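Order-wise, the sequence lines are chains B and Y.
The numbering used here numbers the first residue of the first sequence as 1 and each following residue consecutively.
The numbering used here numbers the first residue of the second sequence as 1 and each following residue consecutively.
Think of the hints as simulated: they come from the structure by calculation, not from any bench.
A quick note: this is a predicted structure, and the numbers were derived from the prediction, not measured.
Not one of these hints is a red herring.
Lysine-lysine pairs mimicking DSSO-like chemistry, simulated, CA-CA at most 27 Å apart:
#	chain 1	residue 1	chain 2	residue 2
1	B	Lys570	Y	Lys345
2	B	Lys624	Y	Lys105
3	B	Lys567	Y	Lys345
4	B	Lys570	Y	Lys105
5	Y	Lys307	B	Lys413
6	B	Lys413	Y	Lys223
7	B	Lys481	Y	Lys223
8	B	Lys503	Y	Lys345
9	B	Lys102	B	Lys36
10	B	Lys503	Y	Lys105
11	B	Lys43	B	Lys2
12	Y	Lys8	Y	Lys19
13	B	Lys36	B	Lys9
14	B	Lys277	B	Lys328
15	B	Lys352	Y	Lys150
16	B	Lys36	Y	Lys280
17	Y	Lys345	B	Lys624
18	B	Lys567	Y	Lys105
19	B	Lys762	B	Lys616
20	Y	Lys307	B	Lys481
21	B	Lys593	Y	Lys150
22	B	Lys215	Y	Lys150
23	B	Lys127	Y	Lys280
24	Y	Lys280	B	Lys2
25	B	Lys24	Y	Lys280
26	B	Lys198	B	Lys408
27	Y	Lys324	B	Lys481
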Amino acid sequence: MKISMNWLKEYLPVEHSVEEIANKVSLTGIESAPVKLGTDLSKLVVGHINSIKPHPDSDHLNLCQVDIGEAEDVQIVCGAPNVAADQYVIVALDGADLPAGKKIKKGEIRGQVSNGMICGLDELGVKESLVPTAYQKGIYVFPAAEKPGADAKELLGLNDEMVDLDITPNRADTLGMRGAAWEIGATYDKKPAFTDPKIDDSKVESVNDVTINIKADNLVTDYLARTVSGVKVAESPLWMQRRLWNQGIQPVNNIVDAANYVMIELGEPVQIYDLDKLTDKAVTVEMATDASKLVLDDKITKDLNHDDLVINSGNDTIGLAGVTQGQKAVVTNETKNILIESAVFDGTSVRKAAQRHDLRGDASNRFEKGVDNGAVEISLNRVVELINDITDVKSISQILVGKETPAKPTIIKASIEHVNRLMGITLSDQEMIKILDRLGFTTEENGDELTVTIPSRRWDMTIEADLIEEIMRIYGYENLKGTLPSGNETNGGYTPQREFINKLKNVLLSEGMDETITFGLVSKKEATDFNTIDSEYTRVLHPMTEDHEYLRTSLIPGLIKTIAYNKARKTTDIAIFEQGRIFDREEGNDRPKEVEYIAGALAGNLGADTWNTNAKAVDFYDIKAIIEELLGFLNVDATFEFLPSEKIQNLHPGQTAVITADEKTVGFVGKLHPEYQANSSVDDTYVFELNVDSLLALAKKNVKAQSAPKYPSINRDLAILVDKKIASGQIVKDIFNNGGEYLKDVNIFDVYQGSNIDVGHKSLGYHLIFQNPNDTLTDDTVEKAFTQIKDSLIDQFDVEVR
Amino acid sequence: MSLNDKLKELRESGIDDAKRAEHLKDLNDLRVKLLGKKGPITQALRGMKDVPKEERPEIGTLANNVKKDIQEAIEARIQEVNQRIIAQKLQEETLDVTLPAQGHKIGTKHILNQTIEDIEQFFIGLGYEVAPGYEVEEDHYNFERLNIPKDHPARDMQDTFYITNELLMRTQTSAQEGRDMDAHDFSKGPLKMISPGIVYRRDDDDATHSHQFHQLEGLVVDKNISMADLKGTLEALCRHVFGPDREIRFRPSFFPFTEPSVEVDVSCFNCGGEGCRICKYTGWIEVLGAGLTHPNVLEMSGIDHTKYSAFAFGLGPERFAMLKYGIDDIRDFYTNDIRFLEQFKGVN
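Same shape as in the complex, but just chain Y (with noise of 0.2 Å):
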């Protein structure tokens, strides 16, 4: 067989078992093997001294093509084995991704402070600061500086938990009005706060009371604070609570600390004023009581009612939960029922 036929059967048989090798061991050791020093290659061109000379370059040149080519197969070859090992990995690794993860679990905020606290970042992006207040406060700011003197039957509107003849737990977040408007220095600017705690009633627990509940204060005092300005506050705050198209009335009330006072309505979120059960087919639903602050509440704490002015307002998170959330009853937010909980997950 003459050199070149030989070198043309080497090509043959070496792409023939590059094609046919399953590992990429194989592959290499074909490599080794044909390629190698020691390969058939090599071991032809040995022969190339019974070569004339004139053919010489041509069967150099075929040589190098030979190698050329097994190299190719061999290199394409182990492209597909890889191409095949990789498929068969992702094959094998495939997992059931409907399976259902277990991970870290975050608590969840109690739907009372979730509540405040929305009602709260609100306020302060309006420059409201926000008062801590006693849950054991005097007689004197809970009522005596709300203009409810000893004896004032609008005491009775409210039973309290004594603790001595002058020391009660409050009735309502507005005993921390006086403390601030004594504290605050109106030369620095108009006093704007809000005042979140817990208050007390000598309530029996039933779905609709609790004898601890949350209520929410707010007092700005300026000069030429307006019931306007009361009205524009409450929209907003509505607004922000209940959804961008509530529209908010005042309906006239009384209490004891704001001349005039109003009960405060928002229109109903859930049939937008046409009339259902949640409003009671009114259209309106009664969230909050306000009012300009009366002007013996200012004098109380020094400021001239006849300069300055004042507007206050006082909700319960509770009813604001209840009707944001459809809660039919108060106890559930202090039985804490980790599946009652946990429902509110992330919703402020």
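Here chain B stands alone, though its shape is the one from the complex (with noise of 0.2 Å):
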């Protein structure tokens, strides 16, 4: 809310700059902003038209003889069409500034001279929406006479300057020029004064012939009203339209702009009604039927149900509680006698239904937020005061009284001791008690104990540490010396599991690869394609955009996404990995288990082509390294498998792998399937994915130093013919089966198929290092267990040993 200066003036004696009160209200309360109207306007004043003809030579311009103050009239051509003799309106004068560095200058307008130009309150600045609606098609005209020649600009509230407040929802309280006023007085030390509305008792008649009848009782604190009859609509008079529009409300008459005025003033939202337009003069606050429907407008209309709390007359509903009229009362040009209703809703519910229909406002955000219950009938007898003042009414009634709770002030108690332990200052009872008082809190001291009053209208108080609060933003945060806690020592760390993963990654990053973050949520293609952990889909129930609708099942597809973003950006040579979370749900589990995983994806090239290297095309096998180096850092005894699969849906059947560890499946590895890869507009790409939570679960190496190999290994080299279906991991794990203790390692240094090879057979050779590492081998203990490796490959593969 904005607070001008102006008018905070009227309570507290502030003369310090709006920038400089915006400042310390920020450091001290509420989060702040100074905001100056008007600078880019210049040379505007009160011109009274004395009298108007029409433009010779044009059809909508009219040639005006204006006072504005000056010895002699002065003329203006004017193509407004409001434009009319008598008015009181405002002039920009030759060399006047308006908004957007537009310059007011004197010419001629075909023919005719113009010494300035009559203005409309938009071309000021005021937003269009904000200016009374007869005059948003044309200039402004001044509710009542002005003093030509006098400074329009500060007649009509555009020089004011205003401290902008940001509130957070518990300042609700600030959301009033009262509250504003307490709040900016307690920053700098000054007391607000403020005068209670008066009525004008002779006004006031007994009778009471409006019924109030309050059937949603625990949704209504307090429910006042007052009628006033004879009241005469029309323009509100200068200042208080020239204070609504610089709130941002649009001034529409004098008794609507008076209920507006007050809710401003004292931050209670009240409404008025029309009240001979009330069936039987009698007005029932309760849950509205389904079905019911709320007239807005000739063109708004809205649906009730039975979590509405509406105000009913009769079978009409003519207001929704807190939040908005409907037009069945609302006050016109013809209205006569008024209700002026003057309550506290229930916030959520209040807060609901303005989402539910859409109609969240001025009125909505104070109820939702709370209001002082303690304000309500001053508030009430405030619009009274001023309907009557503006209008001089006929008669007022009595406080109608629907409901009325009695205002309690909070009493918090608080130990001075641990107001300065918790903040770690040394603040004297007496330095705390007169930094309450600013607040005007009241407090009592008893010992160490403090117990403090504070009036209704900082309901957002209710327990100590609001207190603590107080005391110490008044005091100031800059006084606050920092220090660290001073507790026992702790030993701080990462879990284990993130010891892992950031070993993982390391491995990763050292291999080359880029780390990526993606989105956890998914398109359902996305959490389709690559749900190799066969999870039932979870699903957020209310999706933005249909791209992030499920929670993701593989890191693959944002992977892939990635690679595709790149390569339209012509970056085709890429490595990549993302350690993340995928979502396992089980069937007939609302929640999935998080599961930690790490995947990376290979395309386009490695290396490039320089003047000395050449690119390679990576492949497989370039993938399966990295793999393969990542799971040699585990540290952990499980033999390692790559297992051919023709079934992880979207990769290629003949170069995927699924990897186990101690043969459970632990992840895969494999090339894109052509079709998919056209698909996600990616070239030839590689992909694995690791289940990071399973690695972690394998029993750790106890890895014991020895000595460097003090014996000389013995090689043998071996070279078969096998049916190409066989894999070489099971020529491997038979070798290593048949091999006895002494085989040390096996290395593949020779595949090959076609010519001088069998159809179907391929010739495979393998390097086999023998070694004992406590003494020398012989050569019969290799040949042995040479031959027991041959025949076993013979035997179980029907090899041919070459």
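The two chains are supplied separately, each in an independent frame; assemble them into the complex guided by the hints.
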């Protein structure tokens, strides 16, 4: 809310600049910004149109003779449809500045001298929606006589300076000028002074012919009303209009404006109905019946239901409580008698209704954040006072009480020692009491205990911690000296899982892969494409877009999307990985398990064509090498295997392996299926995905240091011819199974199929390395093992040893 | 010609030959030829029998000197030739060292994770545990345990992706507070934790909003934790991240789960507080929210708020990284343009 300095000064003697106040209030209470109106306006005066005649050379322009307080009238050409003689208007003189750098110059319009411009409010920078409807399509006309030549900018409030309070939800007490005055006053150690409204007793009648019936008792704390008869609906006086448009409220008429004015002044929304349009002069506050309607205007009707708290009169719904009024009993130019409602409605109910019907506004905003139930009567009386001052009404009813809940001050006890300890400061009792007094709180002291009485306008205050905050902020956070917690030492660090993840990521980084982060919420397609864990899908109830609707079941789609994104930007050589969670939900559970995964992708080339190197297109074995290096770093005893798999959807059936650790699946690696690849707008891409949690669960290797071997190793080469369907992994496994305890390593050095080899066969060559760590191996021992290996291969796989 | 003269002549021609030799092989041959058993000096000495006895020692000495001189001449020449060969080799092997090298490339850690890990390391040094949390969280922990009951207006501040009525994508890493306080054994000392992770809000993605972003929550629960402790801790953090000369300031704010609550500003690292475009000419940049944990939040974890107190803070790694590196579009973190990612090689 914007706090006008002109208005604030009625309550509080502040002389500081708005910049200074905004800064200070930001540091002690509420984030604020200075606002200065009309800095781009100059040379605007009041003009009185003494006479008007049509421009001889135009069908819509008029020549106005305008008194601008000078010795002689000046002629101004005006094209506004609503210009007329005897109006008091805004004149921009020769040389005047208007918004957006516009400058007014004396000149001729179709041969007629024009000494300036008669202006509309929008031309002075007032938003069109805030200009009174009658003046939206033309010039603004002052509602009463003003002195010609007087400073129009000042009269219109367009020289006002304001402090814009950006309140947090707990500080709705400053959504009224009075509350703001208390806050700014506390900041500067000054108490605001207010005058309570006075009702003209001579006009108060004891007759009470309106019935108020509160049926929804739990949602209404207070409901007071007065009727006023003999009002004269007209434009509001200028002082009221200008304060309203500066608050972002469009002036309507003196009745509606008075209610809005009081909402700004006291923070309490007030509603006014045309009494003569109420059925049987009765109002009932109750829940709407399903399928009932609230007609807002000729175009908009809201369908109500039993969750809506409404104001009914007979069979008509005249208002949505705390939100808006309907068309039925709205105050019009013909209104003579009114009912003024000042009430406190349940904030949650108001908030939900306003959200449901898309009608959030100044009133609902205040109710949902809370209003002072100690100011219901004063607000009611203030509206009556204003309307009587402006329109000199005939009579005023006594207060009609629908419901009244006494406003009670809040009592909070605080320990001086506790306040100081929690803040890390050393304020004396007197310093604390003084700060509380600045806020308008009264304090009784009893030893270490302060008993603080808080007026109902600060309904946000409920516990000692609230009080501590008030003391601290007014004392000033700048006075707080930083310390570090002084308690016992603790051992900080990562969880074992996080340590493990850091290690895995470091291996992939060293392998040249860049780390990416993609979205956890994905499209249905992305949730489906690599659901190798066979998870149920988990969907958010109200997604923003179809692209982010399901929780991911794999990291692969995000990697592929990243590759496609980069390819579209001409980056095609890509090595990336992501570490993150995937969501694995079992049928029957709402909640998915969150499993840490790590996945990578390679596309394009490794290396580059340069003056001394050649690029190499990535292939399956490049990504497999990375995985093997990664698995090597796990420091586990498990046996890892890459088992050929044709079954993972969207992967190439001939270039895919499931990765197992001790025969349990921990992930997969493969090339994207050519069709999937094409649909995903990427080139040849190789991917892998590993379950981090499964890898972490593997038993750690117990490493014991061994000296480097002292005895020489013996090598044997083995060349075999074998059916090409037999995987090398099977051969190697068999070699190890039969190689005896001294077989140290098996390295494949040749894979060949083609000419000179039987169709359907391939030739494989292996180096076998034998070593006894404790003795020199004899050829005999090695030969025995070698024979056993060959025999088994012949037996198992029908190989031909060459 | 006398033997004497003959030897002198051999010396002269031998040294001369050595000096003129161009190759190591020639020098070797020369040595064998002149100094070998069948060489001219040995041959010449065979004529010693014709030399008078008394002159023989002199001739013998001369012959040895001649041998030595030729030997030295050959050695010297070998040195020279070797030098020349090395010089030539060096010449031949000279490279253009300005040509670019192609080697094994190391990947770049995502800038958000670099930012997070930098902050983690700072807090680990202060004895904080790094706690993981759940990205799918119960309404209970995400809201209710944080003093945000159903129908609380503060829920409007965070538009939430619900999965069921009770299950949601967590909107804040503060959701971890309740879980960690429940699990902590206070007889073993204070709880000091940070919890980094991904959070989700129902926002349209644009330059300043992302429906997925990161947060890092911090929480310290102990006897006598004070607002001053919070200030000192965050002061040290901001100096670690933004530079040793930084100051911080607290401004009052509101979060349902802290009371008092503050927004924390750091003095502008670009202008040092003078006022510039980055700090919008205020000299200060808002970096995080914090406060003393609300008594209700402690009590919901069964912690007696009259004996214990706590501070909590929450910061946005995206915001930290954007400020520190001048990134102006939050979407850049998630589109993973390789050129964007790789510019942050090794920054932290």
